[in-house]
Every structure is written in structure tokens, then in C-alpha cells.
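**Q** Sequence:
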Amino acid sequence: MRKRKHGFLLLVIILFVFCSLNLPRPITPLAHYSTPASGKMSTEFSADKAYEHILHLSEKIGPRPAGSQNETKAAQYLYYMLEQYGWKVREQPFSKIVSNSNPLKPEHKIQVINSQNIIAELPGALPETILLGAHYDSADISAPGAIDNASGVGVLLEIARILGQEKHQKSYQIVFFGAEENGLVGSQYFTAQSDLSAIQWMLNLDMVGTPLEIDIAGKTSAPPELVDKVVTIARQEQIPFHMSRDFVVMTREGSQGGSSDFSPFLDQGIPALGLGIAGRAEGYYHRPEDRIEQVTLQSLDTVGKFIPKLIDSVEVTGSGQKTWDAYYLPFQLGSFVLIIPTLGLRILFILIIFFTLFSISRSFRDKEPFIQGDLKEYVLIGVGIPVVAFLVSFLSGAGEWLWQFIKERVYLWQAYPGVFLTLRVIMVLCALLIFLRLLRSFPQPKGGKLYWLVGVLILTLLSIILGLYRIDLAFPFLFWLFCFNLFLYYPSIVLLFIGPYFIYKTHWELLNSQQWSGFYETIHLYPIVFIVLYGLLFIPVLLGGLYILEKGKRPWDQMLKRLFIPALILGVGIVLGTGLIRNYNKTNPQPISVQKVWTESEEVVLRISSTDTLSKNLIAELDSKETKVGEDKKTLELPIPSEKPPLQANVSVTDTGGRLLNFKMAMKYGRDPYLVRIKLESKRPFKIREMDDFIPIAKLPKKIALEGKEHNGSYTLLLERTPPHQGVTQWKIAAEGIVKCSIEVVFADQSPRYSIKLPHISSEYKEVYQDVFEF
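Each residue of the sequence shown is one higher than the one before, counting from 1 in the numbering used here.
Read the hints as simulated data drawn from the structure, not as lab findings.
All residues carry an ideal CB built from backbone N, CA and C; glycine is no exception.
Possibly wrong hints are sitting among the right ones.
[What the hints assert, rightly or not] Derived DSSO-like pairs (lysine-lysine); straight-line CA-CA distance at most 27 Å: (1) K616 <-> K757; (2) K616 <-> K633; (3) K309 <-> K167; (4) K679 <-> K709; (5) K73 <-> K668; (6) K664 <-> K109; (7) K633 <-> K679.
[What the hints assert, rightly or not] Quick list of the computed label-pair ranges, beta carbon to beta carbon: (8) A620 <-> T587: 45 to 53 Å; (9) Q84 <-> L758: 41 to 49 Å; (10) L333 <-> S194: 35 to 43 Å; (11) K628 <-> L297: 46 to 54 Å; (12) S361 <-> L468: 19 to 27 Å; (13) H711 <-> Q770: 18 to 26 Å; (14) A666 <-> L758: 39 to 47 Å; (15) D692 <-> R90: 28 to 36 Å; (16) K505 <-> Y80: 40 to 48 Å; (17) P701 <-> G269: 42 to 50 Å; (18) L468 <-> P369: 29 to 37 Å; (19) I498 <-> G418: 18 to 26 Å; (20) R90 <-> I704: 52 to 60 Å.
Put together the whole structure using the sequences plus the hints.
**A** So this is what it looks like as C-alpha cells:
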């Protein structure tokens with residue numbers, strides 16, 4: 001009878017999950033999305049014309065970082081082409097101050113970003129407007145940005161040509177955003193300064209290609225009806241796609257709040273989503289290899305013909321700011337997308353919590369007590385489980401850490417990140433089998449019900465904390481909690497590994513996203529933090545495993561004994577074999593920076609550096625008697641014939657009394673720099689009282705102060721500015737001790753002295769002027 005009740009309860013919950021996929025969504029006042037009766041675009045999209053625009057931007061103009069002359073040339077080109085296509089065009093220049101808010105990067109960094117948005121309007125019979133956007137800047141002075149994002153700009157210019165050839169009921173607006181690579185600066189400025197009341201929805205293009213990435217999440221998510229309509233059209237057109245949703249907090253809660261320029265529109269309550277290239281970015285991402293060769297006509301044609309169908313098919317009732325269900329949970333199954341709305345998640349949350357309470361009460365009603373036997377056994381196993389969990393977490397990366405030391409490498413995973421992730425998963429399974437066997441050799445408490453109870457309580461606490469913060473983030477732990485509850489009725493090894501399924505899925509999504517490299521590098525920068533975090537996640541796994549070993553019907557203990565030696569051999573094999581995997585390959589080469597550096601003594605050296613250890617082949621190729629290799633083997637310097645520096649700098653400091661100093665720096669540029677960087681350091685606190693437009697104090701947000709921030713016993717402040725730059729910079733600084741001032745001015749290297757062309761290496765070339773003084 002009890003089994004029937006339990007089966008019926010399980011059936012009810014499963015049915016609810018599937019039924020909740022179709023629960024009504026409380027959307028106001030979005031109304032509906034449908035197909036308009038008129039306004040179809042009849043002119044065919046030309047991939048060749050889009051390709052020509054991409055070629056012009058990436059090869060004829062070249063790299064277009066924010067504020068640079070090349071970005072201005074690109075803006076002029078866009079302005080001209082849009083006018084030719086019959087659009088009403090205007091510029092929206094901006095100067096914005098951006099401060100680093102990443103807690104993992106403690107330096108106090110303040111940037112002034114100068115750029116402009118290009119805004120084009122095509123009035124229709126009605127004021128309701130569809131907005132199309134793409135950013136036209138590139139990441140760096142060495143990155144031509146053909147894919148990122150001349151591809152989106154080229155496609156959108158061709159769409160503008162098509163739209164401009166006929167009259168429309170609706171109005172259209174195209175915005176080419178500047179300074180996206182600096183943190184969505186252009187789109188944030190546009191949404192903050194523009195009237196959005198007529199906009200019905202927004203579509204953004206960033207790194208377009210096939211298969212498509214449909215981006216739907218910034219700090220909030222796109223309306224589910226809009227997502228459903230876009231996915232339906234993609235399926236009808238048989239276009240392969242992947243739907244991106246920020247399962248990880250790191251992007252959604254970051255300073256940018258999303259991956260591209262559609263995110264600020266979502267923040268303002270405007271329905272928006274983005275199209276891009278699905279999957280993890282290749283090695284050309286933000287690098288000199290992002291050239292026209294990466295672009296294919298087939299991709300342009302597929303995306304270019306898909307966008308007009310979206311514009312024709314998606315109809316939003318009303319315009320301006322709206323509210324919708326923002327924390328729904330989408331699941332992609334092939335070309336179909338299922339959506340659990342927030343209401344469904346809340347009901348599911350309540351049901352599983354009640355199911356948990358029911359299971360706990362049932363466990364207390366059983367005759368078997370929770371604690372049996374010697375208390376020392378419980379203390380021993382209570383200490384052993386956390387220790388084992390942290391050891392499993394540590395050993396998951398043991399092979400990488402060993403070979404990082406042997407190979408003198410900082411990272412090993414760049415060429416084949418999927419292989420390394422797979423090896424980590426196998427290593428975790430091996431370590432779990434080994435340590436579960438060792439734990440079973442300890443004196444065991446009788447019954448094992450306490451394992452289940454502690455595991456349930458841990459997962460319940462995690463689910464409640466995350467559910468109170470944001471209900472969709474709680475779902476992976478809710479599902480795990482549900483599976484853990486089922487242990488009480490069906491102690492199965494399958495449930496043990498299915499429980500954390502959505503945590504695996506999160507990491508798989510992360511692996512196939514642009515955030516992967518940043519995430520993995522953060523793990524290596526802060527290994528202790530991640531060992532602890534993952535160790536805590538392994539505790540419920542160990543508790544569940546011990547409970548199943550105790551209560552499972554199969555002879556799991558015997559199987560564990562048989563698997564002990566194979567797991568040990570496989571684990572050792574993974575650790576030793578990790579070193580055989582290449583660190584870099586043709587697709588994912590090692591990035592290096594080749595810089596001509598003028599120091600304060602006006603000597604010039606060629607400095608070659610990387611975030612990783614430099615290749616022995618590279619060191620051998622540049623080897624000379626005067627070559628200096630840094631102790632960390634990440635830098636290499638060799639003298640080169642003297643050249644005239646790209647600027648002349650004079651600095652003067654006068655004491656006005658009261659520990660207040662007047663600082664004046666006069667710079668005579670031979671050509672426009674890409675970036676001017678000033679770093680102030682002191683052992684004592686300091687603060688800039690007055691400053692000219694290098695950092696306009698009047699525009700500083702209240703939460704940002706021009707003062708040194710303490711870190712590791714030193715106060716630092718980093719100031720950066722993109723072009724345009726002025727010849728004289730002045731400020732007043734209040735300081736209690738000696739202040740060290742480092743000046744760095746970065747230029748594009750127009751005639752590299754050495755062109756490094758080695759396999760598996762990606763080189764970028766710059767010229768840098770450096771000066772250091774104390775006052």
C-alpha cells in the first residue's frame with residue numbers, strides 16, 4: 001500500500017513538471033505576438049553586399065577600438081551608407097566614466113570611454129518602432145574584428161538597404177553602438193539618454209553565424225513569448241540554433257549584466273534578444289586573426305534571410321516599457337524549447353519542500369532510530385566526509401596542477417578545453433569511488449539514515465537560500481533535493497548521479513560559451529576558493545553514496561571493492577597522461593604581445609610577453625647574447641636600434657603646502673595614441689582633489705572616488721582614457737607620503753620590427769611609451 005502511495009506521489013510531481021510547461025504566464029501589458037497582415041519585405045538579402053561591408057570595415061579601415069580614429073572612420077562610413085539607403089541619420093557622441101566592479105580584481109581602475117552611437121530612423125505610417133542594433137567597435141588595436149562585430153554590422157547594413165527600398169506601416173530604427181567592448185557602454189548610454197516609448201522590441205546582432213546563438217538573458221530575461229516566436233521561426237526555417245540563457249551568476253550579475261547590447265534594453269523593460277554564433281569562441285576571438293577569412297557567405301546568407309522573417313513575423317502589441325515573467329526556465333530539446341514559468345517554478349518549489357517535510361516526518365515515524373551504536377563512529381565519519389569531499393575537489397585538478405609545474409605553464413587547457421573538462425569529471429568519479437571505499441573501511445554507524453537526513457537538510461537549506469534570492473537559480477538544487485528525497489523510497493545509484501544533473505548542464509553550457517575562458521582562468525587564480533566551493537557540493541554526493549551503500553538492495557559494497565583498483569589505476573593514468581595533451585594548436589594558439597617599449601631613459605627594447613610561459617621555439621628564434629628572459633619565463637626583452645619615440649613627455653610637480661601637490665604633465669604626440677594609462681601607488685592614503693578633463697570629476701558617479709584603494713598594504717589608483725587625448729594634463733593630489741606615478745601610453749605598431757610567424761602562436765604588435773617617477 002505504501003509503495004502505491006509513493007508511486008502516486010512521484011507520478012503527481014512528474015505530471016506537474018510537464019503540465020507547468022504550459023501554465024499561463026502573467027505578462028502585462030505585452031498582450032501577444034502574432035504575424036502582421038502587411039509590411040512584408042520583398043527585396044532579397046544579398047550576402048555579397050554584406051560581405052563587402054565587412055571587408056571594408058575589417059580590412060580597409062581595420063581595428064576600431066573605442067575612441068580611435070579608425071572607429072571614427074567606421075562611424076563616418078556607417079553614416080554615409082545609411083544616408084544612401086534613405087535613412088535619417090544622426091550621431092550620439094558620449095563620454096562615460098567606467099569603474100571596475102569585479103571583486104576578484106581588487107585594483108581601483110577608472111576609465112574614460114569616448115565614442116559615439118550612429119542612430120538611423122526610417123519613419124513609417126505608425127510611430128511604433130522596431131529597433132535593430134549592432135556594435136561596430138572592435139576589441140583592441142590589433143583585432144580587425146571581422147566576426148566581432150563587422151559581421152553583425154555588415155548584415156544590418158544590408159537589412160537597412162532592403163528596408164529603405166519600400167514604405168512600411170511601422171517605423172524602424174537602427175543603432176550602431178560604440179564602445180561595446182568596454183562594457184556595453186554605447187548601448188547603456190543610448191537606453192539611458194533616449195526616448196524608448198515608441199520601441200516595441202529590439203533585435204541585436206553580434207558575431208552572427210550558423211549555427212545561431214539566440215541570446216535571451218542579461219540582468220533579466222527576454223519575454224518568453226518573444227523567445228517562443230523566434231525559436232518557432234528558426235525551427236520552421238530549419239536553421240540549427242542554440243538558445244543561450246545565463247545559468248551562471250557571473251555574467252548576469254556582472255557589471256555589464258549580459259553578453260551584448262540587447263541587455264540594457266531588457267533592463268529598461270524593452271523586449272529584446274540577440275543573435276550570434278553558437279558555441280565557445282574560437283582562438284581568433286578578440287585577436288589579430290579575426291579577419292575576413294573567418295567570414296563565410298553561407299552564414300551571412302542564412303542569418304540575413306532569417307532576420308527579415310523575424311521582422312515580418314513578430315508583432316508586439318503596444319510599445320515602450322513593459323513587464324513580463326523574467327525568471328522563467330527554458331529547456332532546449334533539439335529544435336524545441338520548453339519553458340517553465342516563474343509561477344510553475346514557485347509551485348514546484350513549494351511541492352518539493354512539502355515532499356521533503358513529508359519524507360523527513362516519515363523517516364522519524366520509522367522504528368529505526370537515527371543514531372545507533374558508538375558516538376565516536378559518528379564523529380569519525382562526520383569529520384571524514386568533509387575531508388574526503390575537499391580531497392575529491394582538489395584531486396579533480398591534480399593532473400593539471402602537476403603538469404603546470406613540470407611544463408612551467410600557467411594554463412594547459414586552451415587547445416582542448418572539452419578534453420580537460422572530461423578528464424576532470426572522470427577524475428572526480430575515480431576519486432569518489434576510491435574514497436567511498438576508504439570511508440566504508442571506517443567503523444560504520446548502524447542504519448545509515450543519518451546520512452540521508454543530513455544530505456536532505458543541506459540541499460533544503462541551499463534551495464531555500466537560492467529560492468529567496470532568485471527562483472530560477474534554485475531549480476538545480478530543487479531537482480537534486482527531489483532526487484535525494486527519493487533515496488528514502490528507492491535507494492538507487494542512478495538517482496545519486498542524476499540528482500546533480502542540472503549542475504553538470506550548467507558547466508556544459510559554460511564550456512560552450514564565451515565566458516568559459518574567464519571562468520577557467522578564475523579557477524586557476526583562486527584555486528582554494530573553488531576547491532572549497534566544489535568540496536561543499538561533493539558532501540551531499542558522499543552522503544547519498546554512503547546511504548545507498550547501506551540501504552541499496554544490490555551488493556554495492558562488493559562492486560565498490562572490485563572497482564577500487566581500476567579506479568586507482570585510471571586516476572593515476574589521468575594524472576600522468578594529462579601532460580601528453582597539447583596546450584595550444586592552430587585553432588587556439590598562444591596569444592603573445594610584441595611591444596616596442598620606450599622607457600624613461602628613452603632607450604627602446606622589444607618586449608615579448610604572454611599570460612603563459614613563452615614557447616622554447618620562440619625564445620630560440622629570438623635568442624641573442626643580449627636577450628633577457630624574465631624569471632617567470634612569460635617575458636623576453638632584447639635591445640633594438642634606437643628609434644624616435646612616438647611622444648615627448650615633460651612632468652612638473654609643485655608643492656602648494658598642506659600636503660597638496662600640483663601635478664602637470666605635458667605630452668607632445670607624434671601620432672594619436674590608443675590609450676593613456678596612469679597608475680598611482682603609495683604606502684599611505686592619497687586622493688585627487690582637482691583634475692582636468694582627463695578624468696572629469698564633475699561626471700564622476702557618487703560611488704566612485706579618485707583615491708587610492710588599499711590592497712596588500714599598498715594604495716593604488718589606475719586611470720585610463722581612450723582618445724581623444726589632450727596635450728596637457730593637470731591635477732591636484734593630497735597625499736601623506738611618497739607617491740609613485742607610472743605613465744604608459746599605447747600606440748598601434750604600424751611597422752613591426754619582427755614579424756613572428758610560428759605555429760600555435762598568435763602575435764599582436766604595439767608601441768608603448770613608459771615613464772616612472774616619484775613625488
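**Q** Please go over all the hints and tell whether each is borne out by the structure.
**A** The hints, checked one at a time:
A threshold of 27 Å between alpha carbons decides the hint, and for K616 with K757 the separation of about 14 Å falls inside it, so the pair holds. For a cut-off of 27 Å, the pair hint linking K616 to K633 stands: about 10 Å separates their Cα positions. Note on K309 and K167: the hinted pairing holds, with a Cα-Cα distance of about 17 Å set against a maximum of 27 Å. For a cut-off of 27 Å, the pair hint linking K679 to K709 stands: about 12 Å separates their Cα positions.
A threshold of 27 Å between alpha carbons decides the hint, and for K73 with K668 the separation of about 23 Å falls inside it, so the pair holds. Of the pairs offered as hints, the one joining K664 and K109 holds, with about 21 Å between alpha carbons and a cut-off of 27 Å not exceeded. For the proposed pair K633 and K679, the alpha carbon gap of about 25 Å is at most 27 Å, so the pair holds. In this structure the supplied range 45 to 53 Å is violated for A620 paired with T587, their Cβ-Cβ distance being about 24 Å.
Taken as a hint, the range 41 to 49 Å holds for the pair Q84 and L758, whose Cβ atoms sit roughly 44 Å apart. Against the hinted window of 35 to 43 Å, the Cβ-Cβ separation of L333 and S194 comes to about 38 Å, which satisfies the hint. Range check, K628 to L297: Cβ separation about 48 Å, and the 46 to 54 Å hint holds. Checking the proposed 19 to 27 Å range against S361 and L468 shows it holds: the Cβ atoms sit about 23 Å from each other.
The beta-carbon spacing between H711 and Q770, approximately 22 Å, falls within the hinted interval of 18 to 26 Å. The beta-carbon spacing between A666 and L758, approximately 41 Å, falls within the hinted interval of 39 to 47 Å. Between D692 and R90 the C-beta distance comes to about 29 Å, which sits within the given range of 28 to 36 Å. Taking 40 to 48 Å as the suggested C-beta distance range, the pair K505 and Y80 conforms, at roughly 47 Å.
Checked against the hint of 42 to 50 Å, the C-beta distance between P701 and G269 comes to roughly 22 Å, which is inconsistent with it. Against the hinted window of 29 to 37 Å, the Cβ-Cβ separation of L468 and P369 comes to about 33 Å, which satisfies the hint. Between I498 and G418 the Cβ separation comes to about 22 Å, which falls inside the hinted range of 18 to 26 Å. Checking the proposed 52 to 60 Å range against R90 and I704 shows it is violated: the Cβ atoms sit about 30 Å from each other.
Comparing the model with each earlier hint shows violations of hints 8, 17 and 20; every other hint is respected.
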